[in-house]
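*Asks:* We have chain A already, so just place chain B on it with the hints.
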Amino acid sequence: MSVDEGRVVVRLDGVRKEYGDTMALDGVSLQIRAGEAVAVMGPSGCGKSTLLNMIAGLDRPSAGDVVVHDEDLSRLTETGLALFRRKRIGMIFQFFNLLDDLPALENVALAAQLTGVSAGQARRRALELLDELGIADRRNAYPAVLSGGERQRVAVARALMNRPALLLADEPTGALDSHAGEQVMDLLLDLNQIGQTLLLVTHDERLAERCANRVVSVADGRIVGERSLERTL
Amino acid sequence: MSAVWRAARAAVRRRKLQTVVIGIVVLFSAATLVVALRLLVASTAPFEQVFNDQAGAHVVAVYEPGAAGPTTAPPGAVAVAGPFEQVVLPAPTDTGMIYLPDSLTVVGRADPAGPVDRVEVWDGRWATAPGEVVIADLPPAAGYHPPSQVGTVMHLRDGTALTVVGFGYSVSRTADAWVAPAQMAQLHPTAVEVLYRLRGEPAAPTVDAFTAALPSSGLLATSSYLVIKEAVAAGPGAYVPFLIVFGILGLLVAVLVVANVVSGAVVSGYRHIGVLKALGFTPVQVVAVYLTMVSVPAVVGAVLGSVAGEYAARPLLSNAFQGLGFHGDVGNGLGVQVTAAAGILVVVLLAALLPALRARRLPAAEAISAGSAPRSGRGLRAQRWLSGARLPRSVSLGLGLPFARPARTALTVAAVVLGVTTVTFSGGLATTVARYSSIADRNETAPIAVRALNPEFQQGTTTRSDEDIERLLRSLPGTRHVTAVLDKEVAVVGQARAIRVVFLRGDRDEVGFKEALVEGRWLRGAGEVVVPSALLHERGIHIGDRLTLELDGHRTEVTVVGETMSASIGDPGLLTAWETLQRLDPQEPIANHDVMFQIAVTPGTGIPAYLASVRAADPGLNAWDNAGVNTFTVSMISLSTTLSLMLGVVAALSVLNTVLLNVRERRRDLGMLKSIGMTPRQVVVMTVTSMAGLGLLGGLVGVPVGVLAHRFVVPLATSAAKVDVPRALLDVWQPGMLLLLAVTGAVIAVLGALVPARAAARLTIAEVLRTE
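Residue numbers (our numbering), protein chains in the order written: chain A, 1 to 233; chain B, 1001 to 1772.
FYI, nobody ran anything at the bench for these hints, they're computed from the structure.
We put the CB at the ideal spot given by N, CA and C, even for glycine.
Be careful, since some hints might not be right.
Label pairs and their in silico Cβ distance ranges [claimed, not checked]:
1. A:Tyr19 / B:Val1346: 40 to 46 Å
2. B:Leu1357 / A:Glu205: 43 to 49 Å
3. A:Ser178 / B:Trp1385: 55 to 61 Å
This is chain A alone, in the form it adopts within the complex (with noise of 0.2 Å):
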């Protein structure tokens, strides 16, 4: 993976997101920086995960500026977001959100595939994938026969199909037993490791200890802190 190692892929900038009364994010401003591993952190409805929906495009401020990879998301129009996520974003979530109805190796080629990518070669990279993430061989599988880190795996998978310059992960670990929790975590480390630009949100702290070289965490839809890790490796 090619990385522009220190350059700022992410920036916020006074972001504000109401739903009705709700204020969910309140002038939060921040900045991440390619190669960097990222943790956000704090309790449920804090805000942690609408933060993560501004960065992805899959939700728009109500106010303030969020710019990703020198795209400024309010700008773009919903096929541009689309075409947005397809190049630049990379996302993990907690349950999964495969689609049941294709095989694993069918997901993940899907996202190649939205871009125009032949299905031989879209289906060849899906393979590599999966290979590297050790589930080559529950590539004809549905997503109801595998295991809860399988899945995930072939989430992961499917993130990384499009070489993204940020991969989102909401909760990577949170519905997964703490030996399939492991393999994810050991996963996204590897990922970091080779340069792949990561921000988590999570309840874990042995997530974020181990795969996370910056927290920051989230209180009431407002940035509480913020502290750097030497990751327990």
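*Replies:* Just chain B, lined up with the frame of chain A:
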């Protein structure tokens, strides 16, 4: 407020779209059901219903004045009315807008009521004094209010003035006009009529036996109610089986569609059911919540639909049954409305109950996970093949979705198949009815009729012979085909009663007779006859038989070469070439006014202008537009078209609902696909493609099913009613029309998918992924 009601009310509020769809589907289904039931009730022995309502006369006997017979009621009669004095008079000519037959049977009667033949006075009042007359006519159709003709003064040949004081309807057709008994003395009655009502619905032998037992002294003639019944059954009554098929189809479609929509709504709510259980709702309460939830829109829909159905049914039935020769009063149908509303609610509750009971047995956790736990995908090969196909991924994904969920796919396809089958079948039936009408009255082919005025009744008659008239008509601009038609009562050797024979001259192949062939072939020359089905059955005649016709002592042999549809009112007649008459009796005198000419005009020729040109060419000719006379055909076609449209709307709603549910179920998947970079356009394309594929499949299955059903059911219904119809009535399909129908399923599915797909494409992904 109970927890059940609170939960149900909340569910109704949360599922506004689904609630509205259920309400609309139930509304249309209830309306269709009311129309269908009203149709079935009215179509079941319509003649008998009206006949019994009026205490119709099974036998009308006409005696010489002063005969002893009328005073004695023979055994077998349950009621007798009369004797009423009677006279047959030439009709007055100054009748204004009132249509009267050439010869008018006038009866003196003090009262329209009585034990037999209760005449329904539908406009004005009964004649109570000399100088007053009540005219026999059908009441106008419901909703149609022509200006009243009461007050019209007409003059008989002897100068007697009669004022029309009312219009009455007698299904027994006992008179053309009624006057007060005091008026009759002045009209010089020539006979008396006595009306007999027998027990039950007497068959021909009973009627014959009764007639034979009547005192013969002074008896001039008798007529049986079976003649009127036969005329109705063989003519316009042939529509009754079609109406019954429409009724049954409406019934089935309404029930199936409601069952499909409601059960789909409950199945899509399984997760909600799990949540309710987790909250502590007992299984019975869960079922109650769901029944209440679907009952709210269903009750509203059923009540409004029943009322709407009644409003739709009344004018349709009134028009149709007036066309069938009965009065247009079709009652208020309150019983049918209540039955339909209650019936549809029972269907709704049963359709909801079955899946709700299944959900009741599910453990709460399993029910909750019904909407979110991973399902095991299917159709790996299809998915892989589509994934590798040279198609945009959004299209191949859409096409692959149905393979992944065969059960849901089957449900969707079933809804489309039902819809397309219904539209195909009902559309075919409507076309069959329209074609039947056009064959039956031949007015579309040859809309103009011309006849020389009768010197006995009318002034300004022509001196031209019938052949000269034909030549004149052929010479007029705009004439395309002319056929001369002459009716004669002819004896057939070996047959007890004479038979009406219709002699045809000129373009007999071109004015619509040929299209009515059921079996055999059309006439090629002299010595051949084509026999109407009714006559064929009644007289035991077969194709290939040789008959000997006898007229004024002359005989000729004819061969039966074909069977034609019985559709005309009156006695059915043998059709034969004019040359047969010349063979039979070349000297037979033919009055020019005995011959009617049926004329087809060239395209672009205006009928009013053509009629004017005929009258201008010879003022002694009466020319009229037959096409405008038969409002019955129009009402029949409008009835079948309306029913077809109603069924189509109900079926389309069912497809729309299934597609809506389908797309809503996929909201999470759509959100996920957007999160990995699927554009809104791709979301729409994928969703629409998945449903279009199913719609097309449903269309491809539904069209042949509809065609087969039409081909199977129509002959079944017509043969059950002992009505033979030409094969042409079944060949109502054009390839283009079939293609259009096959695509209809896809179009409905696409339209149904487009709205929720566009909404899903616009959804905020974060919201979808959070709420699912």
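*Asks:* Work down the list of hints and note, for each, if the structure agrees.
*Replies:* Comparing the hints with the structure gives:
no.: 1; hint: A:Tyr19 / B:Val1346: 40 to 46 Å; in the structure: 44 Å, holds
no.: 2; hint: B:Leu1357 / A:Glu205: 43 to 49 Å; in the structure: 48 Å, holds
no.: 3; hint: A:Ser178 / B:Trp1385: 55 to 61 Å; in the structure: 40 Å, violated
When each numbered hint is compared with the structure, a violation occurs for hint 3 only.
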